[in-house]
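A.B. asks: Work out the full structure: start from the sequences and follow the hints.
Each chain is listed here by its residues.
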Amino acid sequence: MGNPDQPALPPDAAISIALDRMWERHRSQILERVAVLEAAALAVAANQLSASDREAAHAAAHKLAGTLGMFNLPRGTDVAREIELMYFKESALLAASGQQLAAMAAELRTMIEDRKSNR
Amino acid sequence: MGRKILIIDDEDDIREVASLSLETVAGWEVIKASSGAQGVARAAEHHPDAILLDVMMPGMDGPATFHELRKNPATAAIPVLLLTAKVQGTDQRRFADLGVEAVLFKPFDPLSLSAQISRALGWK
Numbered sequence: 590m591g592n593p594d595q596p597a598l599p600p601d602a603a604i605s606i607a608l609d610r611m612w613e614r615h616r617s618q619i620l621e622r623v624a625v626l627e628a629a630a631l632a633v634a635a636n637q638l639s640a641s642d643r644e645a646a647h648a649a650a651h652k653l654a655g656t657l658g659m660f661n662l663p664r665g666t667d668v669a670r671e672i673e674l675m676y677f678k679e680s681a682l683l684a685a686s687g688q689q690l691a692a693m694a695a696e697l698r699t700m701i702e703d704r705k706s707n708r
Numbered sequence: 008m009g010r011k012i013l014i015i016d017d018e019d020d021i022r023e024v025a026s027l028s029l030e031t032v033a034g035w036e037v038i039k040a041s042s043g044a045q046g047v048a049r050a051a052e053h054h055p056d057a058i059l060l061d062v063m064m065p066g067m068d069g070p071a072t073f074h075e076l077r078k079n080p081a082t083a084a085i086p087v088l089l090l091t092a093k094v095q096g097t098d099q100r101r102f103a104d105l106g107v108e109a110v111l112f113k114p115f116d117p118l119s120l121s122a123q124i125s126r127a128l129g130w131k
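Read top to bottom, the protein sequences are chains E and D. Count the first sequence with this note's numbering and you get residues 590 to 708, in order. Count the second sequence with this note's numbering and you get residues 8 to 131, in order.
Some hints here could point you the wrong way.
To be clear about the criterion: a stretch of chain D counts as covered by chain E if any three or more of its residues have a C-beta under 8 Å from a C-beta of chain E, and this derived list gives those stretches [stated by the list, open to error]:
#1 13-20
#2 23-33
#3 70-76
To be clear, the hints were calculated from the coordinates, so they are not data collected in a lab. Nothing here was measured: the structure is a model prediction, and the numbers come from that model. Positions of the beta carbon are idealized from the N, C-alpha and C atoms, including for glycine.
C.D. replies: Dropping the structure here:
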């Protein structure tokens, strides 16, 4: 509850503070989605990507694309969207290397782990 | 004007941020549902002014949920806005053809989500 003696924060400041709190609550779940992408990249590199691995990677990338930009990580949304397309299109997946997919997942992990508060 | 919005999305973080945004920026009342089936029930129970509906959900997805809402006379007239992270043109056309009022895209800006909804629905 807010302190009645303090003036209410403007909406942008209130949202920024609340987003930082939400980020801390959801960060581990977001990193789990990156772990799915890392595992799928390893499977691609070993030529052992199953249909369910691919579906899981596509879903994880899709969720990351929809989420990261809300938390002030627009580059994260762009990278996740690119990964999503790779797991969606057979031709894109055939053209991609496990190394490339691993590098993109690593970029996501770094920006998520390094995200600074908006304040 | 105070509005009541139902958010149907299986992702906790999206529900929380959308809810925070609509409550904090616009002062609207928000009801949340984490699945299509739960959303259909909440819509009939609460009669929101609009529904923000995720497309990709396990079980009953967004389009199937939309059809259920339209089948029930109690919810048939409630405006529905699809919320999607899909940006491919073919998907956008498919969603527009469903007959929803608008398609909004993830990630959304928490500061402008209520303005996007108001604009899409012609609310002052």
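A.B. asks: Confirm or reject each hint.
C.D. replies: Now for the hints, and whether the structure bears them out:
| no. | hint | result |
| --- | --- | --- |
| 1 | 13-20 | holds (count 3) |
| 2 | 23-33 | holds (count 6) |
| 3 | 70-76 | violated (count 0) |
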